[in-house]
Amino acid sequence: MALYLNRSGVVPQPERPALSMATTTVRPPASQFSPVPRRFWAPGLELFEVLGQIVLFAAGALRAASRAVRYHHEIWWYAAFLAIGSTPVALAMTFFSGAQCSVEAYHTLHQLGGAESYAGIFNALCDLREITPLFFGFAIGAKVGCGLVAELGTMRINEEIDALETMGVPSVPFLVSTRMIACLLVLPLMYVLSLATSFFASWVVQRFQIGLVSNGVYFSYFWRFTNLTDFGFSMIKAVVFAFLVICVGVYYGYHVKGGAVGIGRAVAKTMAISLVMIVVVNAILTQIFWGTNPNLPIPA
Numbered sequence: 141m142a143l144y145l146n147r148s149g150v151v152p153q154p155e156r157p158a159l160s161m162a163t164t165t166v167r168p169p170a171s172q173f174s175p176v177p178r179r180f181w182a183p184g185l186e187l188f189e190v191l192g193q194i195v196l197f198a199a200g201a202l203r204a205a206s207r208a209v210r211y212h213h214e215i216w217w218y219a220a221f222l223a224i225g226s227t228p229v230a231l232a233m234t235f236f237s238g239a240q241c242s243v244e245a246y247h248t249l250h251q252l253g254g255a256e257s258y259a260g261i262f263n264a265l266c267d268l269r270e271i272t273p274l275f276f277g278f279a280i281g282a283k284v285g286c287g288l289v290a291e292l293g294t295m296r297i298n299e300e301i302d303a304l305e306t307m308g309v310p311s312v313p314f315l316v317s318t319r320m321i322a323c324l325l326v327l328p329l330m331y332v333l334s335l336a337t338s339f340f341a342s343w344v345v346q347r348f349q350i351g352l353v354s355n356g357v358y359f360s361y362f363w364r365f366t367n368l369t370d371f372g373f374s375m376i377k378a379v380v381f382a383f384l385v386i387c388v389g390v391y392y393g394y395h396v397k398g399g400a401v402g403i404g405r406a407v408a409k410t411m412a413i414s415l416v417m418i419v420v421v422n423a424i425l426t427q428i429f430w431g432t433n434p435n436l437p438i439p440a
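Those letters in the sequence shown? Residues 141 to 440, by the working numbering.
Treat each hint with caution, since some may be false.
Pairwise CB distance ranges (calculated) [claimed, not checked]: (1) Leu185 with Asn435: 34 to 40 Å; (2) Val416 with Ala220: 28 to 34 Å; (3) Ala423 with Glu299: 39 to 45 Å; (4) Arg203 with Glu299: 21 to 27 Å; (5) Leu202 with Glu300: 22 to 28 Å; (6) Gly356 with Pro434: 21 to 27 Å.
Only pairs whose alpha carbons sit at most 27 Å apart, straight line, appear in this in silico BS3-like list of lysine-lysine [stated by the list, open to error]: (7) Lys409 with Lys283; (8) Lys397 with Lys409; (9) Lys283 with Lys397.
Hint data in this document are derived by calculation from the structure and do not stem from the laboratory. Every residue, glycine too, gets a C-beta built ideally from N, C-alpha and C.
Between the sequences and the hints, there should be enough to build the whole structure, so can you do that?
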């Protein structure tokens with residue numbers, strides 16, 4: 141084998157890459173430098189991400205409402221189903237909430253030195269402004285929200301939604317937008333009935349259970365502290381609560397994954413998020429409506 145020599149008579153050696161003395165510094169994860177561990181703030185970020193997805197999905201469903209009008213049979217069918225199946229639940233919850241409010245009104249005012257004659261004032265403010273909208277929202281969350289998740293989730297698991305898309309039927313306008321329209325048509329009327337039921341329950345307690353306040357005195361103070369402005373604010377509260385529940389329900393129902401277990405988890409998430417949102421939004425709306433102006437017929 142021939143060897144090739146250089147001019148110095150030495151066999152040339154192949155060049156070897158120079159070894160770098162630079163070392164790579166391994167840094168610990170950034171979360172280790174955070175004053176708050178990731179396990180504490182990660183759930184909060186995840187919640188905000190989910191809320192953003194719910195808002196975007198609800199906005200898309202509202203934009204598709206004009207296309208959902210063509211499916212008016214689906215709208216009226218679900219409106220009838222909602223009115224028949226959910227109204228008794230809402231009426232039952234608001235009846236007992238009004239009764240509880242009336243009991244507390246009498247005994248609280250009685251301990252203030254015989255002021256039980258003003259029970260009508262307490263019931264007017266309690267029923268109209270706070271208790272009835274809250275319990276109505278809870279009833280809608282338990283009945284309508286969970287029902288939407290179960291219905292749409294079952295259709296997603298059984299691939300019925302995919303079948304609609306295959307047949308050329310847009311699933312969001314047909315399944316989501318129609319149900320949102322039906323809820324917005326029925327729920328305001330349902331709330332009026334619920335509010336009347338709450339008023340009736342408060343009067344029944346004062347008239348038949350306690351019986352120490354005459355009807356004339358009770359209704360004199362009750363109607364004096366009941367006005368159209370408060371009724372409008374109360375209606376806004378109820379509609380907002382119901383709409384929030386519907387948005388959460390259709391989102392989780394439409395995006396269910398994992399079979400029956402996934403449906404159960406989606407129902408649980410819907411209930412948790414709906415209840416928290418109702419309480420938080422109720423506090424915000426109360427501050428907006430009556431935080432600076434109590435709107436009471438009492439001279440300053």
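Original post:
If you check each hint against the structure, which ones fail?
Top reply: Violated hints: none; all satisfied.
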